[in-house]
Amino acid sequence: KNQVEQSPQSLIILEGKNCTLQCNYTVSPFSNLRWYKQDTGRGPVSLTIMTFSENTKSNGRYTATLDADTKQSSLHITASQLSDSASYICVVSASNTDKLIFGTGTRLQVFP
Amino acid sequence: NAGVTQTPKFQVLKTGQSMTLQCAQDMNHEYMSWYRQDPGMGLRLIHYSVGAGITDQGEVPNGYNVSRSTTEDFPLRLLSAAPSQTSVYFCASSHTGPGLGYEQYFGPGTRLTVT
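Quick mapping for you: the protein sequence lines, in order, are chains A and B.
Quick note on numbering: the first sequence equals residues 161 to 272 in the numbering used here.
Quick note on numbering: the second sequence equals residues 44 to 158 in the numbering used here.
In case anyone wonders, no lab produced these hints; they're calculated from the structure.
One should not assume that every hint holds.
Under 10 Å between C-beta atoms, here's a sample of chain A residues computed to sit facing chain B [said to hold, decoys possible]:
1) P168
2) P204
3) V205
4) A246
Which stretches of chain A does chain B cover? Using the computed rule of at least three CB atoms under 8 Å from a CB of chain B, they are [stated by the list, open to error]:
5) 232-240
6) 249-256
7) 261-272
Don't be surprised by glycine CBs; every beta carbon is placed ideally from N, CA and C.
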């Protein structure tokens, strides 16, 4: 069964600190992996999209990594800001479907 | 560009009532989809469309209908609302299906409560 699992479920950090969120997937055949940021009460917004051949992709202070062999991805946030407080969702697409498989997200809270 | 718009933002229904959630996009995207988001669960696909006149079922289609008469609009109809349909509904659009890696744009969501 195609699944996406994220850890931790929630995370609290102090402003200015770095953090790393994890994503493991069992989706096959793999097409691409996405990270979304979802602010409370709003729709998800895309941070990165990575295909099989990409192992690192950055978007400002956000850096995603992908290891297609171990089926793992991580999202690293550098020098966190209060505005980084949100849920971060890992999403995987299989190449033989028009559908996305969503993880349940990691809720990040950044405190001053 | 307004992107993906959804109306209404909030709605309260009584059990058995019907309603339509509206979704529109102005990016000329072929692929549109509806998701529901419930606490502790990932977004689940309800229905999707790969172009005008073409729709298909997702993971949780029961109790919902869709149609796609134009490229821009993709309304979601609740036929007879049930408390189990209390959720936040998101519409999304992209140039084509997610398998090709195009970015998906999400609307702001509709928070629906069925009593």
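**Item:** List of violated hint numbers, smallest to largest
**Value:** Violated: hints 1, 4 and 5.
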